Amino acid sequence: MDFPLIAVLAATLTIATPLVWAALGAVVNERAGIMNLGIEGTMYAGAFVGFLAAAYSGSALLGLVAAIVAGMIAGALMALLTVTLGVNQHVAGIGVTLLLIAASEFTNRLLFSSGSQAVTAKFERLFAGTGFVAQYPMTYFAFLVLAPALWWVLRSSGFGLRLRAVGENPEASDAAGIPVARTRYAALMIGGALMATGGAFLTLSLLGTFTLDIVSGRGWICIALVIFGRWKVWPVVGGALLFGLADALQLQLAITPLFGAVPNELMIAFPYLVVIAALTIWGRGVRYPGSYLTPYRRA
Amino acid sequence: MRILLRASESRWLAPTAVLGAAILTLLLTAAPIRLAGANPLAAYERYVVTPLTTFTGVGEVLLACTPLIFTGLAVAIAFRVGYFNIGAEGQFLAGTVAATIAGLYLPDLPGPLALPLALSAGALGGALWAFGPAWLKRHANIDEVVTTLLLNPVALLLVQGLLNGPWRNSETGFPDSDRYGAGYDLAPLVDGWRVHWGLVIALVLVIATGIIMAFTPLGLRLRAAGQAPRAARFSGIQVASLKWRCALVSGAVAGLGGASQVLGVQHQLTASVSTGYGYTGIVVATLGALTAGGVLLVALLLGDIAVGAQNASIVLHLPTQMGSIVSSTLLLTVVAFLVARHYRIVRTRRKPE
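These protein sequence lines are chains S and U, in that order.
The first sequence begins at 1 in my numbering and counts up one residue at a time.
The second sequence begins at 300 in my numbering and counts up one residue at a time.
The set of hints was computed from the structure by calculation and includes no laboratory data.
The model shown is predicted, which means the values in this text are computed figures rather than measured ones.
The beta carbon of each residue, even a glycine, is placed where N, CA and C say it ideally should be.
A hint or two may mislead.
As the list claims (entries may be wrong) - Derived DEER-like restraints, expressed as beta-carbon distance ranges:
hint : chain 1 : residue 1 : chain 2 : residue 2 : range
1    : S       : Tyr288    : U       : Leu312    : 30 to 38 Å
2    : S       : Leu293    : U       : Leu517    : 20 to 28 Å
3    : U       : Ile510    : S       : Trp152    : 36 to 44 Å
4    : U       : Gly319    : S       : Phe112    : 29 to 37 Å
5    : S       : Gly238    : U       : Leu312    : 36 to 44 Å
6    : S       : Phe132    : U       : Gln526    : 49 to 57 Å
7    : S       : Leu80     : U       : Gln526    : 23 to 31 Å
8    : U       : Gly575    : S       : Phe127    : 36 to 44 Å
9    : S       : Pro148    : U       : Arg532    : 53 to 61 Å
10   : S       : Pro4      : U       : Pro411    : 53 to 61 Å
Whole structure, please, built from the sequences with the hints as guidance.
Take a look at the structure:
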């Protein structure tokens with residue numbers, strides 16, 4: 001048996017990491033009743049701003065902080081549009097994505113137009129050379145801190161209960177004295193920070209540089225994972241691992257002789273198709289959060 | 300201060316809101332233009348006015364707006380009935396692939412046969428790409444937003460895979476397809492312009508959609524299904540079936556746009572055939588208030604800005620992405636202002652206790 005199981009498992013965890021961050025950000029948004037299609041752009045901006053700050057400061061940690069701030073600003077913009085004004089959430093989200101991608105590419109062209117793309121400081125793997133536990137710090141943090149913490153916050157904390165109440169029934173929440181708009185702003189800004197962190201993982205851990213197609217639809221995958229995982233933390237993490245496994249398998253199979261004849265692009269498309277198939281099988285008849293896609297205004 | 304719903308609206312309110320949004324867009328985008336070292340006023344002139352001052356420029360604007368009319372119309376048709384097709388990008392690409400199949404494998408067909416074949420192939424390709432999400436929506440009630448979105452990167456991978464594999468250029472070895480047979484050229488409309496007959500097809504579609512939406516029972520049912528699905532259902536309208544059909548038509552229109560683009564402009568398939576036309580189509584449809592005429596006007600405006608952005612990148616060294624920044628900012632400010640216009644702010648004094 002020469003199948004490199006350890007390598008595939010290690011790659012699974014690494015590939016799943018940005019998806020866990022961003023998809024859990026989307027869970028926070030959608031549990032509060034807002035579908036944030038700005039996710040793709042927020043990840044993109046997180047990747048770029050993180051890269052930019054790290055390249056100029058020489059510190060990957062500062063890059064991460066900058067990415068988080070960028071994500072919170074993106075979340076606040078989305079909140080201004082969908083919570084305060086009540087704009088159609090699909091349109092606002094796509095608009096935010098287009099704007100953030102254009103703004104990032106614009107800044108990238110201005111600062112790095114010479115073509116020599118800067119390489120930045122990046123996080124290194126912990127426990128290097130020890131099989132599949134050799135992972136980036138942000139991977140450890142995602143699975144061992146973020147997911148359990150978010151699970152607990154949503155299930156048991158006062159903030160989590162208010163957030164879910166606002167997402168299920170804003171009228172009743174308002175009557176019970178929960179500040180609906182403020183809770184949704186908080187949800188969108190926290191969610192934005194998580195999405196941007198997922199994006200920053202790509203530049204600050206995985207690549208150490210920035211490329212124009214760096215996010216390439218990962219945000220859309222996260223939106224699918226949230227439905228697949230029915231807005232629950234652990235099933236969403238499971239979905240991210242499933243995608244990670246599919247992607248790790250295709251990367252592994254692509255270099256084995258048996259699959260050498262299969263076009264590389266078909267292999268890359270494979271995990272996307274797996275997600276659609278998974279959605280088809282387990283995404284039927286799901287119950288959406290009660291106030292999904294509906295803005296709230298006092299009558 | 301309290302925010303109240305307006306009881307009545309002056310008819311000047313909506314145009315005023317759009318004007319306000321446009322002014323805000325200019326103010327917001329001035330900062331990045333300054334940052335890039337250009338004068339904002341000079342840049343706006345480049346973006347909006349300069350392309351329209353020369354004969355060639357007008358032709359380029361019409362050329363740039365053609366794919367946007369197709370994708371904008373595709374999105375408007377779907378959104379109108381309440382089917383959120385965010386996959387026009389993928390359907391556009393599927394259309395280019397389908398038209399290329401005809402262009403590469405039946406190269407000797409004469410024009411009168413070749414063009415209808417390739418164009419209908421494009422429409423069919425787009426409809427096929429829209430078929431999966433539409434079917435899942437109708438039979439398993441799976442959110443079309445997610446599935447249409449996910450198929451966009453898959454369509455791009457399909458194009459890249461074909462170009463790196465079977466369709467690699469036989470002369471240069473680059474990942475561009477060979478040129479199509481001679482019969483597959485959508486001819487230029489006027490000598491000296493690159494605009495081709497695809498624009499005429501787009502305009503016919505605009506007129507047909509406008510008439511159907513505004514004047515036929517079908518159009519009434521579509522609008523009812525989109526605006527008040529429950530009421531529509533109670534009055535006997537088959538909402539799910541309407542959505543299903545509109546989803547396929549929407550895909551076909553986007554696919555036709557893809558075919559028009561490869562047959563009229565590129566005459567071969569390249570991986571960069573779409574510069575986000577499908578996503579920009581969402582901007583076009585929304586700013587055009589989901590009406591056919593609105594789509595046409597906004598497509599012209601964004602085409603103008605796109606040509607202006609090319610121009611400004613050469614003359615003022617402003618990266619072309621500034622054009623997308625302007626159009627996406629305009630989208631967000633317009634939708635924000637249009638919603639905000641329904642409300643008025645009332646100053647309330649606290650009564651002394």
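Comparing the hints with the structure gives:
For the pair Tyr288(S) and Leu312(U), the beta carbons lie near 34 Å from each other, so the given range of 30 to 38 Å is met. Distance hint check: the CB atoms of Leu293(S) and Leu517(U) are about 27 Å apart, consistent with the given range 20 to 28 Å. For the pair Ile510(U) and Trp152(S), the supplied restraint of 36 to 44 Å is violated, since their beta-carbon distance comes to about 58 Å. Between Gly319(U) and Phe112(S), the C-beta spacing of about 36 Å keeps the proposed range 29 to 37 Å intact.
For the hinted restraint 36 to 44 Å between Gly238(S) and Leu312(U), the CB-CB distance of approximately 50 Å leaves it violated. For Phe132(S) and Gln526(U), the hinted distance range of 49 to 57 Å is satisfied, since their beta carbons lie about 53 Å from each other. Roughly 26 Å separates the CB atoms of Leu80(S) and Gln526(U), a value that falls within the hinted 23 to 31 Å. For the hinted restraint 36 to 44 Å between Gly575(U) and Phe127(S), the CB-CB distance of approximately 41 Å keeps it satisfied.
The supplied range of 53 to 61 Å is broken by Pro148(S) and Arg532(U), whose beta-carbon atoms lie about 44 Å from each other. For Pro4(S) and Pro411(U), the Cβ-Cβ distance of about 58 Å falls inside the hinted range of 53 to 61 Å, so the restraint holds.
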